[in-house]
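Position chain B relative to chain A; hints supplied.
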Amino acid sequence: MPGHSYDAEKYWKANLRLIFGSLIVWALVSYGFGIVLRPMLSGIPIGGTDLGFWFAQQGSILTFIGLIFHYAWRMNRLDKQFGVDEE
Amino acid sequence: MSQFAINIMFVGGSFLIYILIAVWAKAGSTKDFYVAGGGVHPITNGMAIGADWMSAASFISMAGIIAASGYASSAYLMGWTGGYVLLAMLLAPYLRKFGKFTVPEFIGDRFYSKQARLVAVICLIVASLTYVIGQMAGAGVAFSRFLEVDSTTGLMIAAVVIFIYSVLGGMKGITYTQVAQYIVLIIAYTIPAVFISFQLTGNPVPALGLFSTHIDSGMPILDKLNQVITDVGFSEYSADVDSHLNMVLFTLTLMIGTAGLPHVIIRFFTVPKVADARWSAGWALVFIALLYLTAPAVASMARLNLMTTVYPDGTAAEPIRYEDRPQWVKEWEVTGLIKYVDKNEDGLIQMYNDGSDDAAQAFKPQAEARGWEGNELDVNRDIIVLANPEIANLPGWVIGLIAAGGLAAALSTAAGLLLAISSAVSHDLIKGSIKPGISDKGELLAARISMAVAIVVATYLGANPPGFAAQVVALAFGIAAASLFPALMMGIFSKRINNTGAIAGMLSGLVFTLSYIFVYKGWFFIPGTANLADIPANWVFGISPLSIGAIGALVNFAVAFAVANATEEPPVEIQELVESVRYPRGAGQAQDH
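Chains A and B supply the protein sequences, listed in that same order. My numbering puts the first residue of the first sequence at 826, with every later residue one more than the last. My numbering puts the first residue of the second sequence at 35, with every later residue one more than the last.
In isolation and in its complexed conformation, chain A is listed as follows (with noise of 0.2 Å):
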């Protein structure tokens, strides 16, 4: 039961951490810049139109995606390195 051990508790908080900044990222693309921090940028023109409306409507999913394939590959390599991948 590798859930007892020492490691195992630092794999979790890792995990924990990770998720943690991965979703500090999630909240401010979509609720700061996309809506909240809108207005405050919205003297950076993109297009016809700002940086803001840009996040809401594509900026935030492409971060979204990022962040997915980014905690994937990050966890699939601590599982490794902490030895719970599976084999």
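Hints in this document: simulated from the structure, not taken from any laboratory. Mixed in with the good hints, there may be bad ones.
[What the hints assert, rightly or not] Quick partial rundown of chain A residues pointing at chain B, CB under 8 Å, derived from the structure:
1) Trp837
2) Ser847
3) Asn901
4) Gln906
Don't be surprised by glycine CBs; every beta carbon is placed ideally from N, CA and C.
Same frame as chain A, but now just chain B:
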């Protein structure tokens, strides 16, 4: 060849493919039926999730909603994609490691409680049933427009096709038909969009065309659109919303609702490994984004095309004569989805904003000065995508493709939802409570019968939609967000939450959310029973009933923590179960616990 023959060819051809796949992918065991044998490649699964997720609403309605309200509808774009980040990091890998067949099963085992499992089953059935009625009805509409049968007959045909591949193949049949359906729907969505983007901006990639220059006017296309619609009294396409708080909560409700919807979660049970569940979520979002990045482009370009159709010489000049209206308007008038009333009897089509919002009020004097007596052209939002090829004068085969694509979107989502419902009945209710000793063969038969019954019920309700069928966003996403998502997340991330806490949390989140919705939309959606009119002025802190699920989730978390901390710790073996889902190694053995 006539358009009718082309449509029959495309739709019939795609149906034949689905049925052939069904015969090839017949389920031999309950594992095949519930989780496609557990051997689906992550990219294949990503594609199947894409089709499972993108419903008639995404395919047909979303672009229309965005076209009508512009920036404000970005909540749908972010909300229906951002949930995959939560799935990938907070739910999918751990639930895959748990290694069972249904969502209520995890809740029942983790919270060592049959009641918890039952609450989850009820939430699942209400959310999924509401959702599936819309899909069945959507399939019926697509049939009636393109195959010239009435919508009830269309619904029956759709039901028979779903019946063949889902009763025979279960998840296995559904997975591979969903892959085929994804390919059909994405091609159907993209081709007309590429043509239109190229015609308007010279850029063949719609997602880039959205931010490019409009060839005819030399202005950025969004600037041009803003100008044209404000000229006739609509507010700007890119205008900000009144309440940021409401938009944030609405987006959040859609995101956590997406992550908590059982028909999406069970698709992650079909991959071989935990690592594959993570990759799957990424691939799913890639395949979903192909449509979601195109949709806002389709929306703005279709709206601009519609405006130029009605005002060919610009908004300052007179609009088009009704007699000179293009062929596609005539064809859609037959369906009643476009309506023209010559209010000032001048034979012209005046289309403008005669509503009650500020922009409309400001425009009123100008409209009166031009002798306009009200908006004369009503265009149903749902035709934006369906009529797109005709508006842009694209060849007949593109129209046939759209018909096949719309049906693929409706059928694939319906099948996924029906499987979630039938597995909850056969696995959670029959095997879980009523007859635990049932053999694998017996359960497989029970699963097939449940699926058949679910299809019959959904078909009947699709033909005779009850009042709540129009409330998919409020009901399905509200329930998934306020009840299922928090329970699943706490089950994985907290060892302290016990049975009492989880049940109290789920019920209070559910009751809170549904009550708030019912106050504005009527108790159990019965007309006339609403306590307050559903307008922003009445909403608490400006929070719409559609956005309340996020608050309901908070209530769920808070109550669960409070109650769990006041009562006993979960038993040791449950804490060990939580440990075990956190570590990928030994996913195959998870059932031993």
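Grab the minimum C-beta distance from Trp837 (chain A) to chain B and call the hint holds if it beats 8 Å, violated otherwise. 6 Å, holds
Inset, instruction - Under 8 Å, Cβ to Cβ, is where Asn901 (chain A) needs to be relative to chain B, so tell me if that hint holds or is violated. - result: For Asn901 (chain A), the interface hint holds, since the closest Cβ of chain B sits about 5 Å away, which is under 8 Å.
task = Tell me if Gln906 (chain A) is really an interface residue toward chain B, meaning its C-beta lies closer than 8 Å to one of theirs.
result = Violated, about 12 Å.
Interface hint outcome for Ser847 (chain A) [beta carbon to chain B under 8 Å]: Holds. Min distance 6 Å.
Of the hints listed earlier, the one the structure fails to meet is number 4.
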